[in-house]
Structures are given as C-alpha cells and as structure tokens.
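J.: Since the structure of chain G is provided, determine the placement of chain E on it from the hints.
Spelled out from the first residue to the last, the chains are:
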Amino acid sequence: MKKVPIARILVIIFFAVLLAVPWMVRHFTAHAKAGDNPGSQAALARYGFSLQEVAHASGIDFVHQAPILDSKLDGIMPEVASMGASVSIVDYNRDGWPDIYVTNSAVGSKNHLYRNNHDGTFTDVAEQLGIADVNQPGTGVSMGAVWGDYDNDGYEDLFLIKWGKPELFHNDQGAHFTRVSDQAGLPPWINANTAVWFDYDHDGKLDLFVAGYYPDYVNLWHLRGTRMMPDSFEYAKNGGRKYLFHNLGDGRFEEISAKVGIDSRRWALACAAADLSGTEYPDLFVANDYGVSELYINNHGHFHEAGKETGVGFAPKSGMNVSFGDIFDQGKFSIYVSNISEEGVLIQGNNLWVPQAGPALKYDNMASDLGVELGGWSFGAQFGDFNNDGNLDLYLANGYISLDRQRNYWYDFAKVAAGNSFIIGDAANWPAFNGRSLSGYQQKRLWLNDGEGKFVDVAQAVGATDTYDGRSVALADLWNTGSLDILVANQSGPLLIYKNTVTPENHWIEFSLESAKSNRSAIGAEITLYWEGKEQLQQVSGGNGFASQNDRRLHFGLGKNPKIEKAVIHWPSGAVQTLDNLKPDRLYTLKEP
Amino acid sequence: MSQPAAQSNPLLPQTAAKLQSKGGTSPASQLNPYLPPIFITLILLVGNLSFGILESYSKTLLAIATAITVEMVLGRIFLRKWPHPASSYITGISVGILLRSPAFWPYALCSALSIISKYALRVRGRHIWNPSNFGICAMLILASQAVTSLSIQWGNNLASLAVIWVLGSVIVWRAKRLHITLTYVVCFIALSFLRAHITGDSWQSEISPITGPMYQLFIFFMITDPKTTVRSRLGQYVVAAAIAVLEFFFRLNSSIYAPLYALFWVGPAALLIEMAIDSRRAPAAGVPSTSEQKAARA
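Protein chains in written order, with our numbering: chain G, 1 to 593; chain E, 1 to 298.
Since the hints were made in silico from the structure, they are not lab data. Here the structure is a predicted model, which means the values were calculated and not measured. Even for Gly, the Cβ is constructed at its ideal location relative to N, Cα and C. It is possible that part of the hints are untrue.
[Claimed, not checked] If you want a taste of the chain E side facing chain G, the calculated C-beta under 10 Å gives, among others: (1) Ile77; (2) Arg100; (3) Pro106; (4) Ala138; (5) Leu140; (6) Ile141; (7) Ser144; (8) Gln145; (9) Thr148; (10) Ile198; (11) Asp201; (12) Ser202; (13) Ser205; (14) Ile210; (15) Thr211; (16) Gly212.
[Unchecked claim] Between beta-carbon pairs, the in silico distance windows are: (17) E:Trp265 to G:Met24: 25 to 33 Å; (18) E:Leu234 to G:Lys308: 46 to 54 Å; (19) E:Ala269 to G:Ala45: 26 to 34 Å; (20) G:Glu309 to E:Ile77: 43 to 51 Å; (21) G:Tyr217 to E:Leu234: 54 to 62 Å.
[To be verified] Covered stretches of chain E (chain G as the covering partner; in silico rule of three or more C-beta atoms under 8 Å from a C-beta of chain G): (22) 108–115; (23) 253–259.
Isolated chain G, as found in the complex (with noise of 0.2 Å):
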C-alpha cells in the first residue's frame, strides 16, 4: 500500500474542516430570529408588544391595483409595472387623530384618504374631497404621495407623485382639495417614486424636491421603443432628472437643482431629508436603484455630493428606502438603505449606515454587525420603538413578485442583468415572465433592538405574517394609546393595518409640533429626548421610507418607570426650546415660541 505522509493528512483533514466552515457559520452566526406566532398574550408577555392585523375591521378593504403599461412590455409587465402602491400618514382636517391616503396605480383606478373615525373605523372621503380621481387617462398614476403644509394656512397639502403629471393639491381647510399644479409650475410630466417636503434655505416655506426614476421623455403607455431599461444593473445613469422646486410663496415653485448644485440622472427610488451634516440645514439622501447612494451635503442652500467621501456612496447596489433614526439612542442619526438580497444569487444586503465618532461626517455600514442586513427584495422600512422600551425598533417590508411559486425569474434576470449596456438597456432583450415570481412570498422583517447592538427578528412571533409584496411601510399612532401602528401597503395586495397593543409596563411620550417662524408643519424640526442617562433623536419628517410617509407626531418609548429629564427641540428656525417636568403617557402639543 502506497504510503500517505503524515502532512498531507492533515492537510486533508483542514481541508475538510474549511469546508465544512460555512455551514458552522450558518449554524452558529444565523441572526436571531423568534420562532412563529405564539399567540398575542405570549408575545405581548415575550417581547412586550403584539401586532393584529386590523384594516377590514376597520373599514378598509383597499386592494392595490398595479398599472399596466405600453403592450411591448408585455412580457416583463410583473417587472416594470412593480410599484406604485404606498401609504402616508396625514391629518388632513386637523382633528388630532392620524388619517390615511393610499395610493392606486391602474389608469383609471382612484386613490383614497380615510378619514378617522375616532372609534376605530375609518371613512374613504377622498372622492368628496377631491382627490381620488387622480389617475385619469392620459395623465399618468399614482407612485406616492407627501404631505406638507406650504403655504403655511395650517393645513397640510397634497404632493402627488406620479409616472406621469405630478400633481399638486392645495388643502382648503380640511374640506376639499384644490388641484393647483399648473398655477405651481410644476411640469408637465415626471416618472418619480419618490419626493420630501423640507424647507432647504431655511426661509420658513416648505420646498419640494422630487427624484425621477425614468426620464421624463418615456411615456409608459405610449413607448417610442423599448430602450427605456437602464442601461447598468449597477452604475445606470441614464434615469430621471431631479427636480428642487423652491417655493416663491405666492403658489408658485420655481425649479432650482442645477442652481444649487443637485443634478443626477441615477435611478432614484427614495429620498428622505435631515440635518446629518450638523450645519442646521436639511441635508438630502437618495437611494438610487442600479447605483450608489447620495448624499446631497446642504451647505446654506448650496448643495454638493457627498456620498463617496462620507462612505455611503461606493458600492452599488439597489437602494429602495431612506430612513433615519437615532438607533444607539446617542442623538444622531444613522440610515437605513434596503436593497436585494437573494440567497444564492445576489446579496447585496442592506446598508444601515452609523455615523462614525469624530468631527467628520463619514459613515461605516453596520447592518451585518447588528443583525439587519439580509431582508430579501426590501423596499419600506421604517424606525419606530413598538414595544415603548427606549429603543428604536426596524420594520422592513420584503418580496417584489408573488406570481407561480414553482418558477421563478433569477436566472434570466440574472442573465440580462450581467450583459452589455445594449442588451440590459433594451426591455425587448428581456424574457418574457411567463407568470414567474421573482423574490415573491417572502416574510417581512420586525427587527427588534434590544438596545445592546442587536436587533432580533420578532415578526412571525409578534403577528405581522403576511408575505404580501411589501411596497410602502407608514407608522403612525393610529388610535392614540400611545403605541406605534404599522401600515403596509402591498403592490397588487391589500393595505394592511397592523394595530399595535404594548405592554402597559412600558411607557411612551409623544409631540405634536407647530411652527410659527419656520414652515407650519415643523418638519425638519428636531426633538432631543433626554431620559434615565438615554438621548433620543427624532425630527419631523416632509416623507422618507419608500414613497410613504409617518405621521408628524413624534413617538418616544420610554421603558419602565422613566423619569424624563428634558426634551429640547430645534426648530427649523433655528430657535431651539427646551422642555422641563414633562410627564410619560401624555401627547404635547406644541407651538414654536
């Protein structure tokens, strides 16, 4: 028998212990996840909270209708026409109790605002209202909509945004909505799906910038041709233009962006703003599909592109949600950016991007470090504290096409993906669906932060089972009992209302802001919350997430037995106000000194 050195035995035998590495990883390192649904009372007892999904006993039965575009799409019809569901949170009447404006995306098909009832029912009144009937023929359908206030009269207006006419509606007191996107300016046709209301120069009127997604010459429904796709998986620059529409204050908006240094034709799926740059001024942050993230820097009113000096713009991948929140409760802001992750086939993972100590403003992506990386085909996501312990929990929405569950498309996908700009770049080149899912059926994430560097998946055990095509992700305090809902809205599916019931150990504090010198509806706003040793950021919000956006109030959870130390605002004025004795389990409404 041929002798086998000693050496190579061992060598063989490392080799064979490396190999089985991956799956000790898997086994050792998979991130937390809680086990299905014990029921409410045993999650409620277990992780202080328990979701019940509530929408048809509350009056709504809201089934999302997707669009359907130009015939020579037909056969990647799942794939282009896979947005346009989304939910924001307003109060349009000013009666203290959150409604809701959902969006349909069919020609033809309406939109609907539910009112609050007060007693746990909603009213569709959007058709009285005057906004329903907004995706007529000819003018394209509904992606989102944001809400802001801009002409400063107190009640919250109407920015629609469309693969088509973005439209614009004025709020007449809460009791009818007046279209005045001609007398605006706005023009006559944007593909977006994502726009925020924030005041960027600081004049005390909201501005409104909108990012498009296709440029602006495509006609969905009346395609010159079929090169429309873009022309990268990856670094695809020949998307929609964006737009800052600076607000004259006399109805009028006047577009700005290559004035005030904003000019990409990147994919946009998401933007969001806020003051991360610490110079007082909302900063802007875009999460590009088939591309790198950007960081618009706002240096008084003057914009410059950050995003490969601070670190969130290097790597590309396919960002489809922008959220901010203080998660180490250290009063800043860290990001939460989803993209696609696909076992097997494609992991970009998402990008939680946390705000390195120092005076720089550079950021490490920290999503595979606390757990909230691997969501699958995410879209919404959004912070809030559902279990009011002091610490901001994440809630993400995963899967993009639930068609046959056998069959899926990766591997075309995949194929075209990879090749040249002539082929990706033209949606004849793509094979047709033929009824495939694409990342369909896949369950949704409720990562909940533990406070000490971990986020733990909860949402099967704490009720939000669906594996509906999660879109638009909204948080509001529907009911006011102090507890963080969550609204879902699902491309070709139902708008889900998953109502929140939080242990009454646990307690909450929550703000209502109005300014008097800055724009009316406080956003851009900021409230520090100070409480046993914690410091917790959150601002007032013109729209984040994907195409959604929370209600205005502010939520903290607080824990158990807090005492508050003190909450100092900083309005977008620049006045910064500074609360004492201020009690748990109580709403402050607020007006700027």
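T.: Using the frame of chain G, we list chain E on its own:
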C-alpha cells in the same frame, strides 16, 4: 513526501522558467512571467477606479493575503522552499474580484480553500482543479447564504469590455493559449443561438452573459490555466468546447453560475482522462507517462 506543484494558475514565472530550462515548448515560455499578475491587477484597478467593483479594498486584500500566506506555509511544508507568490496572488485577486459578500470571512475562506485544494486534492501528484474555480464553486454551493459571484457588476459598457478583451487576447496569444479562449467563445456563441431557439428568448439575452464582466476572468484566466488543462492542442480544443457544451445544459437548467460549474466538472474530468490515456501508453513504451513527467517537473 509527494511534491505538489507550487504553481497552478495561469502562465506562471516558475513554470515557464522550468519548462524553458528543459527545452520544453510550453506556451508559457513565450510569456513575460509578470504579465498575468500585472494584467489581472490592471483589471482590478481599472474596474474599481472606474466603477467601484469591490465592496472594499480590505476584502480583496484579505483574499490576497490569505492566499499568499497559505501558499507560503504549505509550500514550505511540502516543497521545503518558499514558493513564488505569483500564483497565489492571482488566485487571491481572482477571489477578491469574483466573490461577492457583505462579510469578510468568505474571502479568507475561499482563498484558503482554493490554495489548499492544490495540496489536498491530488491525483498522481497533480492537482486537478483550477484553484480559484474550486474555491468559488465550493463557496457558492456551501455558503450560498453569504456569497454570490460577480455576475452583474462592473458597469455594462462596451469600452471597458473592449480594453479587457484586447489586453486579455494579447496575453493569451503570447502564451499560445488564445485558441482555448476562442474555441470556448465560438462554442458559447453558437450554443447561445441554439438556446435562443429552444427557449424562445431573444438571442441577445442568450449572448448577454459573455458580454459581462464575470466572463473576462473566466475566459482569460480560468480555462487557460496551464496546470489544469490538458497538454495536447487537440485536447485543449475539445475541453474548451466541452466546457461550453456542459455550460449550455446547465443554462438550460437555469443555473446562474453555469460556466463556473461547467469548468468545475469538465476540467478535472479531462485531466483524469489524460492521465488514464498516458498510463496506458507509458507501460507499452516503457517510459514514464507524460503526466508523471509533468508532476515530476512540478
């Protein structure tokens, strides 16, 4: 102790020098030994500076450092000398480019598996898998939750592709292995049309993969690897075509990493067949088989 080959990857300095010293007619003898490492480094730098193809430099450096370190240690143990780092450098950099993962550990593990496979998986003194092909396939199969291979990155424009094709063609032409690359490419294209006919998809979609970046390393570095390809020119034609044919069937079965898997199976099979043929001929001629000579030289 058997003597594993220190080198395995494309057209290496030591291999070229040894073959030259024996008056061999290896294609590698025509090649500047530093061209392949320079070329693959160029791919990396151009790709990253132009498009940011790497998740980070640190992951690629980890892959390279791991490959070189493991090679040095095992070379010292089995060869009793310090191996030339060119081979392991190329393996490491290939892993750094081809592997995609948000985590660090897959880069180190893949490089280690690639290099150790040369020492652990041997038949008659030869390793039979292209190291980086083995490492990446192993990771794709065993660690699918954590890794994918570069298949959609690096832009999609013609200019960068043309530069690599021209440079790569010159390199393999100088190494007298261009016929392997061209055979594979011609077969791939021909079979793409056949696939389009069978599937009903556009021929552009079937051609599409070869216009992407993953194929650049595959075509110029993996299938031309002298240590894991057969010797005869006819055999090289046949093996290149066989890889394309097996890939064809994998693709019909919707395998995303079809070329890597095809090489994973065809490459070793071809070498084993060559060894079997050699050993049948050798006793008849009363001389050591050529594969044994090759192992002895290595």
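J.: Against each hint, give a clear statement of whether it holds in the structure.
T.: Status of the hints after comparison with the structure:
1. Ile77: Holds, because the Cβ-Cβ distance from Ile77 of chain E to chain G comes to roughly 6 Å (cut-off 10 Å).
2. Arg100: holds (7 Å)
3. Pro106: holds (8 Å)
4. Ala138: holds (6 Å)
5. Leu140: Cβ of Leu140 of chain E sits 7 Å from chain G, so the hint holds.
6. Ile141: The hint holds - Ile141 of chain E has a Cβ within 10 Å of chain G, the shortest such distance being about 9 Å.
7. Ser144: Hint holds; Ser144 of chain E Cβ to chain G Cβ min 4 Å, cut 10 Å.
8. Gln145: This hint holds: Gln145 of chain E lies near chain G, its Cβ roughly 5 Å from the closest one there, short of 10 Å.
9. Thr148: holds (5 Å)
10. Ile198: This hint is violated: Ile198 of chain E lies away from chain G, its Cβ roughly 12 Å from the closest one there, beyond 10 Å.
11. Asp201: Nearest chain G Cβ about 4 Å off; hint holds.
12. Ser202: holds (5 Å)
13. Ser205: Since chain G brings a Cβ to about 5 Å from Ser205 of chain E, closer than 10 Å, the hint holds.
14. Ile210: Holds. Min distance 8 Å.
15. Thr211: Check passed: Cβ of Thr211 of chain E comes within 4 Å of chain G, closer than 10 Å.
16. Gly212: At about 3 Å, which falls below the 10 Å cut-off, the nearest Cβ of chain G leaves the hint on Gly212 of chain E intact, so it holds.
17. E:Trp265 to G:Met24: 25 to 33 Å: holds (27 Å)
18. E:Leu234 to G:Lys308: 46 to 54 Å: Cβ of Leu234 of chain E to Cβ of Lys308 of chain G: about 51 Å, so the range 46 to 54 Å holds.
19. E:Ala269 to G:Ala45: 26 to 34 Å: violated (59 Å)
20. G:Glu309 to E:Ile77: 43 to 51 Å: With a Cβ separation near 46 Å, Glu309 of chain G and Ile77 of chain E satisfy 43 to 51 Å, so the hint holds.
21. G:Tyr217 to E:Leu234: 54 to 62 Å: holds (55 Å)
22. 108–115: holds (count 3)
23. 253–259: holds (count 3)
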